[in-house]
Amino acid sequence: MPILDDKVFASLKGLRSALDQEQSPYFLRRMKEAMRHYDGRPIFLPRHVDTIGYPIEPHEQALYDAVTQYVALGLEQAESRRNRNVGLALINGEQRESKERQLRRSSGR
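To get our numbering, take the position in the sequence shown, counting from 1, and add 2.
If you're looking for bench data, these hints aren't it; they were derived computationally from the structure. Treat the hints with care, as some may be off.
[To be verified] Here are the in silico distance ranges between beta carbons for each label pair:
hint	residue 1	residue 2	range
1	A64	G16	53 to 61 angstroms
2	L75	K15	48 to 56 angstroms
3	Q63	S19	56 to 64 angstroms
4	Q71	R18	46 to 54 angstroms
5	Y72	R43	37 to 45 angstroms
6	R18	R38	15 to 23 angstroms
7	E78	P57	26 to 34 angstroms
8	Q71	P48	29 to 37 angstroms
9	Q79	R49	28 to 36 angstroms
10	E78	R49	25 to 33 angstroms
11	H61	Y40	29 to 37 angstroms
[Claimed, not checked] Under the rule of at most 25 angstroms between Cα atoms (straight-line distance), these lysine to any residue pairs were calculated in the SDA-like manner:
hint	residue 1	residue 2
12	K34	T53
13	K34	I45
14	K15	M37
Using N, Cα and C, we set each Cβ at its ideal position, and we do this for glycine too.
Kindly produce the complete structure, drawing on both the sequences and the hints.
Given below as structure tokens:
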């Protein structure tokens, strides 16, 4: 199938016609906030996040600062090379480090 169907996407009228069909053969990417059940209720409920502050030891703050600086530098390098995989790996590493710290804290180490 060609990337663009010249009979459907060649004009605004054709596009609207394809989107208005009940059984459209086209898959459309949507924002999760726009997704609805058949009865009109939102599929995804609003997310409410509360940040809870807590004291950390100086050596923990030093580790956090070092990881944050490392990730920021890595993301900058990834952006300059447009290498999304490197950026994603660095973000994943920061999340993993944060989870490890949480596990150590909760286990009493």
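Now the hints, each set against the structure:
no.	hint	result
1	A64 x G16: 53 to 61 angstroms	holds (60 angstroms)
2	L75 x K15: 48 to 56 angstroms	holds (50 angstroms)
3	Q63 x S19: 56 to 64 angstroms	holds (59 angstroms)
4	Q71 x R18: 46 to 54 angstroms	holds (50 angstroms)
5	Y72 x R43: 37 to 45 angstroms	holds (43 angstroms)
6	R18 x R38: 15 to 23 angstroms	holds (19 angstroms)
7	E78 x P57: 26 to 34 angstroms	holds (30 angstroms)
8	Q71 x P48: 29 to 37 angstroms	holds (34 angstroms)
9	Q79 x R49: 28 to 36 angstroms	holds (31 angstroms)
10	E78 x R49: 25 to 33 angstroms	holds (29 angstroms)
11	H61 x Y40: 29 to 37 angstroms	violated (54 angstroms)
12	K34 x T53	holds (23 angstroms)
13	K34 x I45	holds (8 angstroms)
14	K15 x M37	holds (24 angstroms)
Consistency note: the structure conflicts with earlier hint 11 alone.
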